[in-house]
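S.K.: Chains G and D are the protein sequences, given in the same order.
Under the working numbering, the first residue of the first sequence carries the number 1002, and numbering increases by one thereafter.
Under the working numbering, the first residue of the second sequence carries the number 12, and numbering increases by one thereafter.
Hints should not be assumed to be uniformly reliable.
List time: in silico DMTMM-like cross-link candidates among lysine to aspartate or glutamate, alpha-carbon distance up to 25 Å [claimed, not checked]:
| hint | chain 1 | residue 1 | chain 2 | residue 2 |
| --- | --- | --- | --- | --- |
| 1 | G | Lys1100 | D | Glu169 |
| 2 | G | Lys1085 | D | Glu169 |
| 3 | G | Lys1110 | D | Glu169 |
| 4 | D | Lys23 | G | Asp1080 |
| 5 | G | Lys1218 | D | Glu180 |
| 6 | G | Lys1166 | D | Glu169 |
| 7 | D | Lys109 | G | Glu1189 |
| 8 | D | Lys69 | G | Glu1189 |
| 9 | D | Lys194 | G | Asp1040 |
| 10 | D | Lys109 | G | Glu1103 |
| 11 | D | Lys194 | G | Glu1103 |
| 12 | G | Lys1166 | D | Glu191 |
| 13 | G | Lys1208 | D | Glu169 |
| 14 | G | Lys1085 | D | Glu180 |
| 15 | G | Lys1267 | D | Glu191 |
| 16 | G | Lys1166 | D | Glu180 |
| 17 | D | Lys109 | G | Asp1127 |
| 18 | D | Lys194 | D | Glu169 |
| 19 | G | Lys1143 | D | Glu191 |
| 20 | D | Lys194 | G | Glu1189 |
| 21 | G | Lys1208 | D | Glu191 |
Note that these hints are calculated values from the structure, not bench results.
Quantities reported herein were computed from a predicted structural model and do not represent experimental measurements.
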Amino acid sequence: MELITVPLIIEQPKSKVMNGSNSLNPHIVVENLNIYIQDNHILKNINMAIPDKSITCIIGPSGCGKTTLLRSFNRLHDDNMNVKITGNLFVDGEDIYAKGTEVTHIRKKMGLLAQRPCSLPMSIIDNVVYGPRIHGVRGRRKLYEIARHQLVAVGLWDEVKDRLKSPASTLSIGQQQRLCLARGLAVEPEIILGDEATSALDPISSKTIEELFVTIKDKYTVVLVTHTLRQAKRIADYVAFMYMGELVEFGTADQLFNHPKNQLTKEYISGGFS
Amino acid sequence: MNTKKIEEKIFKGLMIGSSVLIFGVLLYILYIIIKKGLPSLSWEMISQIPSGGFYLGKEGGILNAIMGSLYLIFFSVVISLMVSVPVVMYLNFTLRKKSRFSAFARLTFDVLFGIPSIVYGAFGFTVMIFFGLQASLLGGIIAVSLLIIPVMIRSIDEVAILIPVELIEATKSLGATNYETIKVILRQLLPGISTAVLLSVGRGIGDGATVLFTAGYTDSIPTSLAQPTATLPLAIFFQLSSPIEEVQNRAYSAALILTVIILLLSFSARYFSRRFSKNKI
C-alpha cells in the first residue's frame, strides 16, 4: 500500500501575526486526525495547529466531538479498546501516537481540568503534590514549597493555608476546581486542557477560573472546550468551531466571532442552533 | 378518612412493626445468650483448653476453639482479600462497567453468595480428598475462603461501581502509571474493603457447616496448618448437644464469646473505616 502524504493545512490566524506580540508557534499540531468509536466516525479528518502561550477555545454544539478531540491530546482514549485513532498528533514536534512514545511522559506535559473537579482521596496538600511525588520529587520542605507556590498561583493559598492537612473533599466545588488546577500545574506542564472546566461552578468561581486562565496563558498553552459562547468571547485568543465531527473553522477570536467565513459558524455564533 | 390516609397508616404501621420485631428478636437472642451464658463464663473458660472431663462438666475452657476460629478467619480473610480485590479491580476498571462479561460475573457471584455453607463444606471436603488432605486448619481455611469470597467481591464491588471514571483520569492525566492509579483507587475503596471484611468475618467465623468436615475438631490449639482445629460454632454445637446441663450452659457462654468477638471486630472495623474514609470524595 502506498502512503499518501496530505499537505498540512494550518490556518494562520492573522491578528497574532499583525500584533506581533509573540510569533506564531504551533504547540499542538493535529494532522488528519480521525477517531472512530465502535465504528462511529466521531472525528473526521481534523487538521489544526494550536499556537502556544495563548488560549484556544473549542466550541460547537453537543456531540460534535470537542471533548473527544481534547481527550486525544493526552491520550486518554488509550484505555478504551473501542476507540480507533488514525492520523498524527504532534506536541512540541513529537508524534505522541508514535510507537514507543511513553504515555506518562506525554501526560506530564499536560494538565487536565475536568468538568467536575475530581479531588484525590487525600489531604489538600497531598493533592497538590501528588504529581511531583509520583515523578520522584522528595523532601517535605520541597513539596511544601511546591504546594504553596501553586496554591498561591491559583489564589487558593489564603483560603486553605490553615487546613492543608484536611481532606480535599471538604472544600467547595469552586475551590476544588482551583485545587485541581494547582495539582495540574504542579507537574510543570506546558499545556492546560480544560473540558468545560467551569460548567459545574457557580458564576463567581467560574469567573475566578477564567481569570486564572488569562493569567497563566503567558506561560502555558491553554486549550478549552466550552459550551458557553460568551466565555469563549471573553477569554479566547483563538477559536475552533466544530460541527458533526468536523473542524469547520479555526481562527483568531476576532476573526471567528466578527467575520466568520463559514455559514455554519455564522449561524452558530448568532445562536441559530446549539 | 380517605383511602390514601388509611393506606399510609397501614404502611407506616407495617414499617414500625417490622422494625420493632427485628430489634426485639435481636435483643431476645442477646438476652438468652447473656442470661444462660454469663453465669458459666469464667476466666478459665477463655484461657484454658479442655481438660480430661471437660465434656462431662469438669474443668477446662474453650481456648482451642477461640484460637482456632481466630486463626481460621484471619487466614481466610487474607486469602479472600487477595482474590477479591483484583477481581473487583478487573470487573470495574479493566472491563467496561457494563460489559456482558462483568454482568455475567456479577450474576455468578450472586449465585455463589446464595449457596448454603454446607455445600461449601462438602465441596471443600472433596477438594481436600482430591489433594489428599485430612481435616485440618488448611482445609477449613480453604472452605471458609470459598464461602466468603463472593460476599467480599460483591460488597467491595458495590463501592467500586461508584468510583467515578474522572478519578482514574485525573490521576492518569497527572502522568501516573497504572500501578500508581491503582493505589489511589484502593484508597478510595478502603471503606468498602473494611465493610467487606466485616461482613465476611461475620459470615465466616459464625459458620459451623463449612468447617464441620474440613477443619475437624480437636482439644488442642493447632500449631501447624496440617493439624485439625476446633472452632467456636462447633464448640457450641457439641456442647449444646450434651445431656449435661452444665455443659449446655457452657455452650451459651461460648456463643457469648463468639458474639463479643464479632461485635469487637465490627466496632473496630467501623472505627478504622471512618478514620480512613475521611479523605474520600
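S.K.: Work down the list of hints and note, for each, if the structure agrees.
M.R.: Do the hints match the structure? See the list:
1. For the hint pairing Lys1100 of chain G with Glu169 of chain D, the CA-to-CA distance comes to about 38 Å; that exceeds 25 Å, so the pair is violated.
2. For the proposed pair Lys1085 of chain G and Glu169 of chain D, the alpha carbon gap of about 31 Å is over 25 Å, so the pair is violated.
3. Straight-line distance between C-alpha atoms of Lys1110 of chain G and Glu169 of chain D comes to about 35 Å, which puts the hinted pair past the 25 Å bound.
4. The hinted pair formed by Lys23 of chain D and Asp1080 of chain G fails the criterion: a straight-line CA distance of about 49 Å is larger than 25 Å.
5. Between Lys1218 of chain G and Glu180 of chain D, the direct Cα distance comes to roughly 23 Å. Compliance with the 25 Å bound is thereby established for this hinted pair.
6. Of the supplied pair hints, the one linking Lys1166 of chain G and Glu169 of chain D is violated, its CA atoms being roughly 29 Å apart against a limit of 25 Å.
7. Note on Lys109 of chain D and Glu1189 of chain G: the hinted pairing is violated, with a Cα-Cα distance of about 36 Å set against a maximum of 25 Å.
8. For the hint linking Lys69 of chain D to Glu1189 of chain G, the alpha-carbon distance of about 75 Å lies beyond 25 Å, and the restraint is violated.
9. For the proposed pair Lys194 of chain D and Asp1040 of chain G, the alpha carbon gap of about 34 Å is over 25 Å, so the pair is violated.
10. Annotation: proposed proximity of Lys109 of chain D to Glu1103 of chain G is violated, straight-line Cα distance about 29 Å (limit 25 Å).
11. Proposed proximity of Lys194 of chain D and Glu1103 of chain G is supported: the alpha carbons are some 21 Å apart, at most 25 Å.
12. Distance restraint check for Lys1166 of chain G and Glu191 of chain D: the Cα-Cα separation of roughly 21 Å lies within the 25 Å cut-off, and the hinted pair is therefore satisfied.
13. Between Lys1208 of chain G and Glu169 of chain D, the direct Cα distance comes to roughly 37 Å. Violation of the 25 Å bound is thereby established for this hinted pair.
14. Proposed proximity of Lys1085 of chain G and Glu180 of chain D is supported: the alpha carbons are some 19 Å apart, at most 25 Å.
15. Annotation: proposed proximity of Lys1267 of chain G to Glu191 of chain D is violated, straight-line Cα distance about 46 Å (limit 25 Å).
16. With a C-alpha separation of about 24 Å, the suggested pair Lys1166 of chain G and Glu180 of chain D falls inside the 25 Å cut-off, and the hint holds.
17. Restraint check for Lys109 of chain D and Asp1127 of chain G: not satisfied, since their Cα atoms lie roughly 32 Å apart, outside the 25 Å limit.
18. Restraint check: the Cα-Cα separation between Lys194 of chain D and Glu169 of chain D comes to about 18 Å, which is no more than 25 Å; the hinted pair holds.
19. The straight-line distance between the Cα atoms of Lys1143 of chain G and Glu191 of chain D is roughly 21 Å, inside the 25 Å bound, and the hint therefore holds.
20. Pair hint Lys194 of chain D plus Glu1189 of chain G holds up; C-alpha atoms about 22 Å apart against a cutoff of 25 Å.
21. Pair hint Lys1208 of chain G plus Glu191 of chain D does not hold up; C-alpha atoms about 33 Å apart against a cutoff of 25 Å.
In the structure shown, a violation is registered for the earlier hints numbered 1, 2, 3, 4, 6, 7, 8, 9, 10, 13, 15, 17, 21, in ascending order.
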